[in-house]
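Listed in order, the protein sequences are those of chains A and L. So in this note's numbering, spot 72 of the first sequence is number 72, and the numbers just go up one at a time. Basically this note's numbering = 1-based index in the second sequence + 1000.
Hints are computed from structural coordinates only; laboratory data are not their basis. Please note: incorrect hints may appear among the correct ones.
[Said to hold, decoys possible] For the chain L half of the interface with chain A, some residues (derived, Cβ under 10 Å), not all of them:
(1) 1002
(2) 1034
(3) 1048
(4) 1053
(5) 1055
(6) 1064
(7) 1067
(8) 1068
(9) 1071
(10) 1167
(11) 1174
(12) 1271
For glycine and all other residues, C-beta sits at the position ideal for the given N, C-alpha and C.
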Amino acid sequence: MPNRFKSGAIRLGCTAVAAALLLTGCSNDSGDTTPPTNNAPAQNLVIGVTSDVDTLFPWKATQFNTVNVMQTLYGTLVEFDENLAIVPGIATSWETSDDGLSVTFKLREGVKFADGSPCEAEDVKFSYDAIMDEATGAASRSSLASVLSVEAVDSLTVVLHLSAPDVVLLSNLAVINLAILSSTDTEESLSTTPNGTGPFKLQERKPSQSLILARNENYWGDSAKLDTIEFRVIPDETSIVSAMQAGNVQLSIFDDPVVAQTAESAGIKIQETSQLAYHVLQLNTVSGPLADVNFRLAIQCAVDRQEVLDTAASGEGEVTGPITAPAFRSDPKARPCPTKDITKAKEYLAASAYPEGATIRTIVSQGEYATSVNEATNVQAQLAEIGITLDLQVMESGAYVTAWLAADFEAAIALNGGRPEPYGMYNRYFISTGNLNTVAGYSSEELDTLFDAARQESDTTARANLYQQISKHLEDNAVWVWLFTSYTYAATTSNVSGFTPMANDSMQYLRTTSIS
Amino acid sequence: MSVLTHPITRRVASAFGTLLGVAVLVFIMLRAIPGDQIIAQFGIETGDMTPAQIAALREYYGLDKSLFAQFFSWIGGLFQGNLGFSARAHLSVSELSANSLPVTIELAVLTIVLSLLIGVPLGMLSASKRDSIRDGFGQLVGLAGLSIPSFLLGSALLGWASAKFSYNPNGKAFVTLLENPWLNIQQMAMPALVLAFGIAAPIMRTTRTAVLEVRSLDFVRTAKAKGVPPRRLQYRHVLGNALVPIVTMTGLQFGYLLGGAIVVEQIFSLPGIGRQVLIGIEQKEYAVVQSTVLVIALGFVLVNLLTDVVYRLIDPRVRAA
């Protein structure tokens, strides 16, 4: 330590002591969180989460825990059920015009915000207009890309006018980033006092420590069984397991299979759910060896996906193709090399412009999810067998996302989010005008045509067929190397019932959860 | 002696310079890390936004200003007592620190008390007979304290207490000392013990070395020859004179605890100042990290001042100087 530190900075010191004392004095904000009880025992559920919400504004919520909290506080026009089918939310019914250019929503009567004010057509118009306004900085503005204008016909009727038929619009509207807010609220007011139409409302927040929700008596659906839900921040997943064992915490969602196994062996009930998110080796096909389709096919054939899954995630997951949504899932065997085939890989490589192999600069994020580095090293070892070298650049997640967004990589080990509707999941990557098309590093006229057809095809079977063609195109051209999907693990203590985990990570069934 | 050349003025000025250096350094380092608050908030969804949206967000987070403007508006704010604002917590950094600083100070004080209670007697035991079995025992405990990482010890302790006795005060919502003293002490006990185990080790080693050194000095032999009782000799003469290095080491460790107990705070869910910095870095909340680091640096300066005062109390030679 430098000597000058030891100097007697008396005046400064005294100020600091005074400041510290002042601060100590201010910190005594006690919070009694016991809700009012009637005859039945109070239903207070504690959920262990590793991080606090990073915003209370639903249009800007993107992180896992924040989205979950927003889903219990706010409501959307339509919702997903447990099978990810679209069901009524604030809207009870909807009708698309014959030309597909307008959708009319009938709103539920008597829907109220947590503050008791009615939720009506004007609020829907206000919300969608604000989301589309670039100055708002809403995360899912692009979900409303096909919407030209929003019209509140009467207090319970809203019409969305579209620039082109858009059958995936409904599944976009079910996402909490398109939550309906009261036209009298602002981002500033909602940051301290959330006011939504969801089954719960905010009771108390201690930043970085806990967030306590109470049942919203104004909720339009069946009243929640729980009196309160506390999202308690316990940063370490292993510590959450300990807290569950001691009975302090009753529910948590884990993504690390090792933690889930520890919890299960400690007698905690674990439900595993296959995720829509997928692990993938993204290839940037714009230039260099990866612009050569034979080179990419060589990579695709040289990788044993099951081996990657086994080594990186102890086999906890499923090998996948591009489409992960259960209703449209790609057959993981439907690809040029359904299993690892070194002979074929070498043939493809020989046919490419780089028969001797090449070095590929590959970015890998560290710390964002548990398996990334192990996936990268396994793929690296497998590709070494055919003379392709992955030059791994392991980065902190902020640096990784920055490089990823700038398409500053030849290949990237990624865990990308999935959506129930494949169009919404991939159009931003693979149509030539997509916002993330540079990051995807691939486009073709055929894909553009297929995506456009899918967006306009209201018949589900016909749309499924189009999605299979998209999937086939992506695999046949080895655009990326899709690896596997993993599970999340819903951990509950034995006294918790009625909670259904969902493939899109949603915890919306907290509304039917009870505790005994 | 003019006010300008007075030693106290010089020390205040030099402490001030140190803090300014810390401020500049942390400001630059934060911005050297790739990514900003928008990317931390929206992740890859940032790529799905239009340039106008990004521009609106940059303005919202104050990232549209030049680096100079950002630096001087932050420093200017500091002089007016405004440490900045956390959009994530929707609280000012002063309010955040008012909640987290007492937690960290309490943990640090408890840890230091425990470490002294373990380290000093163990060091004296070791030194009482060099290279004996008890010396070996003391050294072994010291080595264990230095080599067992706190995250391992912490997780193991917490897991064991939870599984065996369903005892886990840290799984309950955190309470301050004023809200619920009994629960608060229980929540602090395990983390303080885990930290103390690690910090007792250097204190034990320092004590052992210092005691051995003092014991070999002439005045101890003289005192012994004069017939000072062994107990008095041990405590008053030997330990008394060995205190200076022990206090130095304790001060150093205390300073380290003010900013460095992040891992233990994570495992035991303590909302201390280390976690405040960590979350700030993850979210790229520049104002939070900058101001909190300054608060920690100020704490460091303060602890060193205290160490200085204690020197004067225990060592007449320093007083005379």
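Against the structure, the hints come out as follows:
The beta carbon of residue 1002 of chain L is not positioned within 10 Å of any beta carbon in chain A (closest approach about 17 Å), and the interface hint is therefore violated. Annotation: interface hint on residue 1034 of chain L holds; nearest CB of chain A at approximately 4 Å, less than 10 Å. The beta carbon of residue 1048 of chain L is positioned within 10 Å of a beta carbon in chain A (closest approach about 5 Å), and the interface hint is therefore held. Here the hint on residue 1053 of chain L is kept, as its CB sits about 5 Å from the closest CB of chain A, short of 10 Å.
Taking 10 Å as the C-beta cut-off, the interface hint given for residue 1055 of chain L holds, the closest approach to chain A being about 8 Å. Annotation: residue 1064 of chain L was flagged as interfacial toward chain A, and the flag is violated, the nearest CB pair being 13 Å apart, outside 10 Å. Contact between residue 1067 of chain L and chain A, as hinted, is not supported at the beta carbon level, the nearest pair being about 18 Å apart and thus beyond 10 Å. Hint on residue 1068 of chain L is violated. Least Cβ distance to chain A is approximately 23 Å, over the 10 Å limit.
The restraint placing residue 1071 of chain L at the interface with chain A is violated, with a minimum CB-CB distance near 21 Å, outside the 10 Å limit. Using the Cβ-Cβ criterion of 10 Å, the hint placing residue 1167 of chain L at the interface with chain A is satisfied: the shortest such distance is roughly 6 Å. Here the hint on residue 1174 of chain L is kept, as its CB sits about 6 Å from the closest CB of chain A, short of 10 Å. About 5 Å separates the beta-carbon of residue 1271 of chain L from the nearest beta-carbon of chain A, less than 10 Å, and the hint is met.
Violated hints, listed in ascending order, are 1, 6, 7, 8, 9; each of the other numbered hints is respected by the structure.
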